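> Spelled out, the chains give:
2 protein chains.
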Amino acid sequence: MKESKDDLMDIKKTHDIGTLSPSMKGQKVVVGGWVEDLRELGKLTFLTLRDVTGVSQIVVAGTENLQQVKDLTRQSVVQITGAVQESKARDFAYEIKAEKVEILSRAIHPLPIDPLGRLESGIDNRLNARALDLRNQKTASIFKIRHNTLLCIRKVLTDRGFLEVNTPKIIGSASEGGANLFSLKYFDKQAYLAQSPQLYKEQLTLGLERIFEISSFYRAEKSHTVRHLTEFTSVDIESAFMDYTDVMEILEQLIVSVFEHVEKTCIQEQKNLGIEIRKPKTPFDRVTYRQAIEELGKQGLALSFGDDLLDSHLRKLGEIHPGFYFLTEWPLKLKPFYIHEKEDDIEVSKSFDLQYGYLELSSGGRRLHDPVKIKARLLEQGLDPVQFEDHLRAFDWGMPPHSGWGLGLDRLMTVLTQIDNVREVVLYPRDPERLFP
Amino acid sequence: MKESKDDLMDIKKTHDIGTLSPSMKGQKVVVGGWVEDLRELGKLTFLTLRDVTGVSQIVVAGTENLQQVKDLTRQSVVQITGAVQESKARDFAYEIKAEKVEILSRAIHPLPIDPLGRLESGIDNRLNARALDLRNQKTASIFKIRHNTLLCIRKVLTDRGFLEVNTPKIIGSASEGGANLFSLKYFDKQAYLAQSPQLYKEQLTLGLERIFEISSFYRAEKSHTVRHLTEFTSVDIESAFMDYTDVMEILEQLIVSVFEHVEKTCIQEQKNLGIEIRKPKTPFDRVTYRQAIEELGKQGLALSFGDDLLDSHLRKLGEIHPGFYFLTEWPLKLKPFYIHEKEDDIEVSKSFDLQYGYLELSSGGRRLHDPVKIKARLLEQGLDPVQFEDHLRAFDWGMPPHSGWGLGLDRLMTVLTQIDNVREVVLYPRDPERLFP
Numbered sequence: 000m001k002e003s004k005d006d007l008m009d010i011k012k013t014h015d016i017g018t019l020s021p022s023m024k025g026q027k028v029v030v031g032g033w034v035e036d037l038r039e040l041g042k043l044t045f046l047t048l049r050d051v052t053g054v055s056q057i058v059v060a061g062t063e064n065l066q067q068v069k070d071l072t073r074q075s076v077v078q079i080t081g082a083v084q085e086s087k088a089r090d091f092a093y094e095i096k097a098e099k100v101e102i103l104s105r106a107i108h109p110l111p112i113d114p115l116g117r118l119e120s121g122i123d124n125r126l127n128a129r130a131l132d133l134r135n136q137k138t139a140s141i142f143k144i145r146h147n148t149l150l151c152i153r154k155v156l157t158d159r160g161f162l163e164v165n166t167p168k169i170i171g172s173a174s175e176g177g178a179n180l181f182s183l184k185y186f187d188k189q190a191y192l193a194q195s196p197q198l199y200k201e202q203l204t205l206g207l208e209r210i211f212e213i214s215s216f217y218r219a220e221k222s223h224t225v226r227h228l229t230e231f232t233s234v235d236i237e238s239a240f241m242d243y244t245d246v247m248e249i250l251e252q253l254i255v256s257v258f259e260h261v262e263k264t265c266i267q268e269q270k271n272l273g274i275e276i277r278k279p280k281t282p283f284d285r286v287t288y289r290q291a292i293e294e295l296g297k298q299g300l301a302l303s304f305g306d307d308l309l310d311s312h313l314r315k316l317g318e319i320h321p322g323f324y325f326l327t328e329w330p331l332k333l334k335p336f337y338i339h340e341k342e343d344d345i346e347v348s349k350s351f352d353l354q355y356g357y358l359e360l361s362s363g364g365r366r367l368h369d370p371v372k373i374k375a376r377l378l379e380q381g382l383d384p385v386q387f388e389d390h391l392r393a394f395d396w397g398m399p400p401h402s403g404w405g406l407g408l409d410r411l412m413t414v415l416t417q418i419d420n421v422r423e424v425v426l427y428p429r430d431p432e433r434l435f436p
Numbered sequence: 000m001k002e003s004k005d006d007l008m009d010i011k012k013t014h015d016i017g018t019l020s021p022s023m024k025g026q027k028v029v030v031g032g033w034v035e036d037l038r039e040l041g042k043l044t045f046l047t048l049r050d051v052t053g054v055s056q057i058v059v060a061g062t063e064n065l066q067q068v069k070d071l072t073r074q075s076v077v078q079i080t081g082a083v084q085e086s087k088a089r090d091f092a093y094e095i096k097a098e099k100v101e102i103l104s105r106a107i108h109p110l111p112i113d114p115l116g117r118l119e120s121g122i123d124n125r126l127n128a129r130a131l132d133l134r135n136q137k138t139a140s141i142f143k144i145r146h147n148t149l150l151c152i153r154k155v156l157t158d159r160g161f162l163e164v165n166t167p168k169i170i171g172s173a174s175e176g177g178a179n180l181f182s183l184k185y186f187d188k189q190a191y192l193a194q195s196p197q198l199y200k201e202q203l204t205l206g207l208e209r210i211f212e213i214s215s216f217y218r219a220e221k222s223h224t225v226r227h228l229t230e231f232t233s234v235d236i237e238s239a240f241m242d243y244t245d246v247m248e249i250l251e252q253l254i255v256s257v258f259e260h261v262e263k264t265c266i267q268e269q270k271n272l273g274i275e276i277r278k279p280k281t282p283f284d285r286v287t288y289r290q291a292i293e294e295l296g297k298q299g300l301a302l303s304f305g306d307d308l309l310d311s312h313l314r315k316l317g318e319i320h321p322g323f324y325f326l327t328e329w330p331l332k333l334k335p336f337y338i339h340e341k342e343d344d345i346e347v348s349k350s351f352d353l354q355y356g357y358l359e360l361s362s363g364g365r366r367l368h369d370p371v372k373i374k375a376r377l378l379e380q381g382l383d384p385v386q387f388e389d390h391l392r393a394f395d396w397g398m399p400p401h402s403g404w405g406l407g408l409d410r411l412m413t414v415l416t417q418i419d420n421v422r423e424v425v426l427y428p429r430d431p432e433r434l435f436p
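Going down the list, the protein sequences come from chains U and G. The C-terminal residue of the first sequence carries number 436 in numbering that gives the first Met the number 0, and the numbering is unbroken. The C-terminal residue of the second sequence carries number 436 in numbering that gives the first Met the number 0, and the numbering is unbroken.
Next comes chain U alone, as it looks inside the complex:
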């Protein structure tokens, strides 16, 4: 049985539940939400009604109204017109005495997952029913924190004079080496999905000086870890007249601001998730690559300068440096062609990763702005400068020295929420197996 009574009905709420309080006793309100619970008690039925802002108790009495809620399923959508009154219930400071009960939409049981989270469901079942999973207050809290994180990032960068830009995601050449790009047919041409805004953001420093972008990017990598997605959200900045140490400081201050902002604004969300967000200690450790391989050597993991750090090495370093730390000055040959060398140690790059324990959150550095050097580096790395002609032209037009970084928003969200799997903090994650819903 499926029915809906939306026709000719005014569906506008007068109040979000979160804005109601016992002081509004006697006031008439219209609220709407989802029935979380439903208990008959003598001639009354009590509904627990939740909307995105809070939860309230509804008291239903009278033949007609009781008839309405008689067969009502949990998670159905109702609209209640009624008056605020004191409540005798232990869990509620006030309740709403229903004058009118309207069923807007009936939930059909059995539901694929328990939206209250009392019965735990596996991540795959939850993602397959993501819309319903968001009725679980733990899940909803993740995305409220995500919203506040984005808000804070934009505010901090705007306050520091960065302009938000949108660069193209459909690109004509396989930039940055071309590995792991999704390709598509663009009318009669071949195109690719951008895996970062790297080349565009560098060019933009020439005109806009300090820019940032927050957007989805794409990597066609068959990774099956808890920290890789094929579609991910990246926060990117690039700034003229800054060295790598300058943008590291911006990154550190940004991370701290995000933690402070979320700690203060997302109090209920922290409770729902059972976490306490605390501002990280500053300054973050700065560990050079040379220091890192020395530390690893002492732990019996022998590495030579130039060796890449594997997951096992990063896990060991994460034990030595728990929390946030910068891993700096990597061997130049491990870094992309656009990264600048140190002037006094040319095998070393002006680069850094921001780590949280073993997890890489961000990567950045000073960039080359001399096209002659870039061409040499492209050849060294087996790349064809002709493929980069469009990009390299801009370096003849007054390219300033510049630095920047990219920060994986989804990974940052796993750190903030203390959740391991990046799929939990993305609404509809994409990985090699998951393309639906």
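Honestly, the hints are just simulated from the structure, not real lab data. Relax, there's no trap hidden among the hints.
Identical chains share a label here; the pair holds if one copy fits it or two copies do between them.
As a list, the in silico DSS-like pairs of lysine-lysine whose alpha-carbon atoms are at most 30 Å apart:
| hint | residue 1 | residue 2 |
| --- | --- | --- |
| 1 | Lys278 | Lys263 |
| 2 | Lys99 | Lys372 |
| 3 | Lys270 | Lys154 |
| 4 | Lys372 | Lys69 |
| 5 | Lys11 | Lys341 |
| 6 | Lys154 | Lys11 |
| 7 | Lys374 | Lys12 |
| 8 | Lys332 | Lys221 |
| 9 | Lys334 | Lys11 |
These numbers were taken from a predicted model, which means no experiment stands behind them.
Place chain G on chain U using the hints.
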């Protein structure tokens, strides 16, 4: 001759030029920027130096410093260490007496376009040299206004309780009919680029109630007009417990807020563009489709109920209703399957477009939330409900009544900046011919 002297040099500015003033007389500063002009006068050379915040006069004297700027090309990047002093020049309230001049990057002439805009270049040449084009203050102003527009939109929607979300752009089924989708190979599967977040945002009202997204979307349409791009930025909202008239009001208030915000915060940018942004008159006209065809009939353009409005019709309506107006209550059969009918006139839909003259900026409406009705509409429109199974499942989980709209940000930017071609307000536009840079 190509050289760069960045090595071992501290490239950090102490001040943006826009923060300097005559009151800082005697203060030592380090500024960096691009040389716009260069004049020798006796034993002095005067540079006009611009950064993203402003422009200043630099006075260069002394053998060594004069030698540095002797062959300097315009648009080269320099860093100046010097002291603020009074200026006798008519155009400058102060100037900087250079103690040290450092050339960070030389511009190689001839440049592909005149970055000062004194010689006008065609849009194609400008887009091919977009980074340089951003040194034209008119162009830079467009993107400063764009940044402020985005800022204002996010603030208004956040203040009204909307959460920002990110929905996937790689989608597994050809939703909304499937016409004009870019397709790509997703490992061993077929995938598409999303042309809107429509289905996701509707589902999300079930858990998050009020959500918005600002993102790039994709349309594989061979349009060659000044208002179509294949990659465009869309602002989308969706809200539970709202009817179409409610989200129309939100849209109207949002537009007004954007105009007010940009009017106040982008004063120099309006001067650069030679425009005056003024808050539009409210309320916007609400013209029903039936009224519109009546108005067109009086102008000799005979239409019957159900006929779509062509460009020529919209141009005529734009003459009758200049500026912003809503075109409402379109025939249901002209609207997508998810649009709700009017209860008292079932051939008519609860829908609207926001027009600016002939230009469609936004489209929205009340959505169906009864899956039985949606399935019937899908079949009517020749679509296969099986293709929408993933989506329709969510309608059994307590789907609230909901409404929303999508707003073309790039088109809104053309209205704000009073520029006709949407390519001007997008950094790296994509159309059927343009895939580079």
